[in-house]
Amino acid sequence: MIRLVVFSLLALTVSAEFCYNDVVRSCGAIGGAINNCNSNYSGVETVQPDLQHYAATHIDQNFQYLLMSAYFNNYEANREGFSKLYRHLADDAWEDTIDLVKYMAKRGFNMNFDIVPRKKVKIQSYKMYELSSLATALDMQKVLAEQAHEIHSEVTVRKKKYHDAETINFIEKEFVGKHSDRIRDLAGHANDLHQLIAGNKDPSLAIYLFDEHLKKVVG
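For what it's worth, full-length UniProt numbering labels the leading residue of the sequence shown as 1, then goes sequentially.
Think of the hints as simulated: they come from the structure by calculation, not from any bench.
Every residue, glycine too, gets a C-beta built ideally from N, C-alpha and C.
Be a bit skeptical, because a hint or two may be false.
[Claimed, not checked] Restraint ranges, calculated between C-beta atoms of paired labels, are given here:
no., residue 1, residue 2, range
1, P49, Q124, 22 to 30 angstroms
2, K215, Q195, 15 to 23 angstroms
3, D202, Q48, 48 to 56 angstroms
4, Y126, P49, 26 to 34 angstroms
[Stated by the list, open to error] Subject to a maximum C-alpha distance of 30 angstroms in a straight line, what follows is the list of computed DSSO-like cross-link-like pairs (lysine-lysine):
no., residue 1, residue 2
5, K127, K215
6, K201, K215
7, K142, K178
8, K178, K102
9, K201, K84
Start from the sequences and build out the full structure, keeping to the hints where you can.
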């Protein structure tokens with residue numbers, strides 16, 4: 001008898017989590033809700049806010065890169081290679097945002113477009129020198145990479161409430177390697193340009209040649 005009571009209590013506790021039980025209850029009531037009939041499962045709910053802030057960071061960086069690209073494309077700066085690089089990074093940030101929003105919808109929740117990024121690289125002025133712009137872009141990419149690692153670490157925990165294999169696969173496949181490649185490229189660009197202009201009293205020719213190099217290698 002005691003076992004039967006315990007089993008019944010367990011069944012009632014577990015039943016609250018299932019879509020089928022919502023449907024059965026709603027059929028007997030006008031306007032009954034079926035809250036559990038969604039694609040939310042496993043531990044993705046734990047990192048829902050983190051995914052939203054991660055997407056918000058991508059959106060913010062998209063606009064930052066566009067402004068950097070616009071500055072280097074004006075008649076005064078006239079650096080087509082740098083402008084092309086930052087336009088390429090802006091497009092990548094926007095495409096990654098779309099992928100994140102689609103993934104969140106796939107997993108049963110929406111993007112909150114009212115939130116602001118938890119961490120961002122503050123740019124005091126978009127009228128910047130070439131080397132400082134590369135350093136800024138590198139810092140921005142590291143912010144994204146660190147956020148991806150934080151999300152990955154949260155859903156890697158071997159507990160039912162947190163573990164989510166699908167999110168692990170999504171972050172690894174779509175972002176981890178991509179961030180690593182971008183950071184490597186930007187760090188390489190920054191160090192190469194620094195070596196070209198270090199100790200050079202008139203670095204304009206070196207910067208011009210490096211800009212021409214960027215025009216060829218970007219995209």
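- prompt: Taking 22 to 30 angstroms as the hint, is the beta-carbon distance of P49 and Q124 inside that range?
  reply: Given range 22 to 30 angstroms: holds, Cβ gap about 29 angstroms.
- prompt: When you check the alpha-carbon spacing of K201 and K84, does it fall within 30 angstroms?
  reply: OK: K201 and K84 at ~27 angstroms, within 30 angstroms.
Holds or violated: K178 to K102, with C-alpha atoms at most 30 angstroms apart: Distance of about 18 angstroms is within 30 angstroms: holds.
- prompt: CA of K142 to CA of K178, is that 30 angstroms or under?
  reply: holds, 11 angstroms
field: Verdict for D202, Q48 (Cβ pair) under range 48 to 56 angstroms
entry: holds, 54 angstroms
field: Hint consistency between K127 and K215 [alpha-carbon to alpha-carbon, up to 30 angstroms]
entry: Between K127 and K215 the Cα gap is close to 20 angstroms, so the pair holds against 30 angstroms.
message: Against the range 15 to 23 angstroms, how does the distance between the Cβ atoms of K215 and Q195 compare: consistent or not?
response: Holds - the Cβ-Cβ distance for K215 and Q195, about 20 angstroms, lies within 15 to 23 angstroms.
- prompt: Honestly, do Y126 and P49 meet the 26 to 34 angstroms range at C-beta?
  reply: holds, 30 angstroms
field: Holds or violated: K201 to K215, with C-alpha atoms at most 30 angstroms apart
entry: Status holds; Cα separation ~25 angstroms.
Every hint, counting from the list given before, is met by this structure.
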